[in-house]
Amino acid sequence: MAEPGIVFWILAVVTVASAVMVVTLKNIFHCALALILCLFSVAGIYILLNAEFLAAAQVLIYVGAVAILMIFAIMLTSNLASKAIRQSNEQVMVGTVVSVLFCGGMLALIYLTDKAIVSEETGVAFWRQVRGTLPADNVASLGGYLMTKFMLPFEVVSVLLLAAMIGAIVLARKEKA
Amino acid sequence: MDFTLPQYDPFRMLPEIFMLLWALWVFTYDLITKRQKEAAVGYMALIGPAVPLLFIVFYLTGLLPESWRYGGSGFGAMFFNDTTAMFFKIVFLGAAIMAIGSSFGITKQKIVNHRGEFYGLLLFSTLGMMFLASSNELLTLYIGLELTTIPLFVLAAFFKDDKLSVEAGVKYFVIGAFSSALLLYGMSFLYGLSGTTGLVQMKMNMAVVFLSYRDIGVILLGGIVLLVAGVGFKLALPPFHQWAPDVYEGSPTPIAAFLSVGSKAAGLVAFGKIFVNGLMAFFGPEQAPNDWGMLVGLLAILAMVIGNVVAIRQTNIKRMLAYSSIAQAGYIMIGMVVLNEHGMASVAYYIFAYMFANMGAFAAVAIFEDQTGSCQIEDYKGLAKTSPVFAVSLSLFLLSLVGIPPLAGFLAKYKVFAAAISMATVDPSASWLYWLVGVGVLTAVFSLFYYANVMRLMFFSNEEPRHKITYSVPALCVLLLGLAGIVVFGIYAEPILKLVRTIPADFGLYIP
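Those sequence lines, one after another, are chains D and C.
So the first sequence is numbered by our numbering: it starts at 7 and just counts up by one.
So the second sequence is numbered by our numbering: it starts at 68 and just counts up by one.
Derived from the structure by calculation, the hints contain no laboratory data.
Yeah, the Cβ is synthetic: ideal placement off N, Cα and C, and Gly gets one too.
Among these hints, one or two may not hold up.
If you anchor each label on the Cβ, the simulated ranges turn out as follows [said to hold, decoys possible]:
1. C:A244 to D:L148: 24 to 30 Å
2. C:F78 to D:L39: 50 to 56 Å
3. D:F35 to C:V275: 49 to 55 Å
4. C:E531 to D:V100: 43 to 49 Å
5. D:V145 to C:D76: 29 to 35 Å
6. D:I67 to C:E105: 38 to 44 Å
7. C:E133 to D:A174: 44 to 50 Å
8. D:M153 to C:D229: 41 to 47 Å
9. C:K177 to D:V103: 38 to 44 Å
10. D:V103 to C:A244: 20 to 26 Å
11. C:A244 to D:I16: 26 to 32 Å
12. D:M153 to C:E133: 30 to 36 Å
13. C:L564 to D:Q93: 53 to 59 Å
27 Å max Cα-Cα, derived DSS-like pairs, lysine-lysine [claimed, not checked]:
14. C:K101 to C:K175
15. C:K230 to C:K175
16. D:K89 to C:K227
17. D:K180 to C:K177
18. D:K32 to C:K238
Construct the entire structure; sequences and hints are all you get.
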């Protein structure tokens, strides 16, 4: 497997560090800012993986829309931004053990898989075999598939969004007394 | 790139299209009647699942004209109507009908403003299950599962002023999101290994990959663990079960019933499609379950033991039924790990019998709760004196859940155990299935304790009963429907058995 470059390592460190900040910082507003940083560096990793459309969507939707909404919600809720919160409860030890085990398992998985693909050539041949080559134009082929082969799931997603929207309105609406 | 529209036929999606339009109509109807007609909205919502149900039953019994070819592919690999899909759609629609029928009480008393949304979201959730049952492909499968659960988050929290209900909604939401993430992570492994999301294509691609790179299996194992955890949460299979009792206790009772049957059946279909259909490439007929079989068998044992033991200590009947449903999931998973011509068939029959018994039991609990506001088991004391019909029907539902003949639950347990034994006798390497059956039989006997405790209180308590039950028409119909289901299909199960016998073929399992 090719060695990841320096850009990858910078992005990886930033992603992990900001993700840890999201779940440990005391001020919820700072957490939201750390989350934006985390999502942003994930978008960078997508670009390294030649998935530029995914990266653009990540920035537009997560960094742009979702995070901004979250910040709005925090700032419009009175006293939330200035309050110090506790992010952990008495189960923090259990949580840590499970996450460390999961992380270790995933690392072992990556290591073993990497070892199974013995040399550079077989590795490339393996991925070719299962996945074919990258399309020349990501966005065009994505759009093409969404409108042909994957049209039905695309339409069902719109029903899903409708259901989520109705549900959110029902729950958030203030009832008349 | 090949951008051509796959062969499609909207006619094969007619029930789904009808459900979608009808759900929108239910929303609209509630609004144009200015939210005044509480019962009419309910009856209107009942039509939603009833019409597709009749359509599918008519198709299966051959009552539809010959030219109406409903079965087959509706949109390439994205939508496919085989026997499995149709059978599970019957289960989903039946569960939806019984859930709506037992909701009339709460929409009269507790939900005053959003009756249309309550029923409409229930229909949306059922629609998601139907898409899930018809999917032959990871993407539609996932989207179907999401469309199933997202409306249920809202429905669980529908009593906005009730702390328990809100807690149930939030818990279910967090767990649901977490398990979906695990599921997607696992699916991405499968996609990475096979380069396709289509389940049939996935099977073939993986065979090719494994022929050349045998050591790559470790990443498949990682994917399997993630997928089992993801679906395990949806099925409330221990150790992923802790959310279930809290969510069932807090949710509106009909929604708890729908969660325990519809959502569980949806998880089962997803499990069957991914594992039995997708991950069975190298295991021919009459062979031992592969590496995920043991893992799932272990979870099944945990489910049967934990579910049945913890249920004994419950004082709230909804929590008791929650633990009972955890245990039932364990019995179902026995059938799931049997990879021969009986395995999936027994799973299908089990979920069918379970639907009637569990929906019926929850419907009885809902009737009791509507009139007394209580879910405590001790409040059921002496009910047989004032409301014999209620006491007898609740007892029959519970007996069917234990598996007492001649009720449908008995035949269901028998089929599951028989499937496991038939596999274990043929194949020596599957002899661990005997252990599963042994634990299953023991815990089934054990479960009689807590089910019988409710009956003992209703029939043999000397205390004067505090309540007398009166029935509304829809609730009574649901009770009778459940009773008819467990009695009729317990004694005369042949039509259903004939139908489920063809199900294993859909999963590529051998039929003699």
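A quick look at each hint next to the structure:
| no. | hint | verdict |
| --- | --- | --- |
| 1 | C:A244 to D:L148: 24 to 30 Å | holds, 25 Å |
| 2 | C:F78 to D:L39: 50 to 56 Å | holds, 52 Å |
| 3 | D:F35 to C:V275: 49 to 55 Å | holds, 52 Å |
| 4 | C:E531 to D:V100: 43 to 49 Å | holds, 47 Å |
| 5 | D:V145 to C:D76: 29 to 35 Å | holds, 30 Å |
| 6 | D:I67 to C:E105: 38 to 44 Å | holds, 40 Å |
| 7 | C:E133 to D:A174: 44 to 50 Å | holds, 46 Å |
| 8 | D:M153 to C:D229: 41 to 47 Å | holds, 45 Å |
| 9 | C:K177 to D:V103: 38 to 44 Å | holds, 41 Å |
| 10 | D:V103 to C:A244: 20 to 26 Å | holds, 22 Å |
| 11 | C:A244 to D:I16: 26 to 32 Å | holds, 30 Å |
| 12 | D:M153 to C:E133: 30 to 36 Å | holds, 35 Å |
| 13 | C:L564 to D:Q93: 53 to 59 Å | holds, 54 Å |
| 14 | C:K101 to C:K175 | holds, 15 Å |
| 15 | C:K230 to C:K175 | holds, 20 Å |
| 16 | D:K89 to C:K227 | holds, 26 Å |
| 17 | D:K180 to C:K177 | holds, 16 Å |
| 18 | D:K32 to C:K238 | holds, 23 Å |
The structure shown violates none of the earlier numbered hints.
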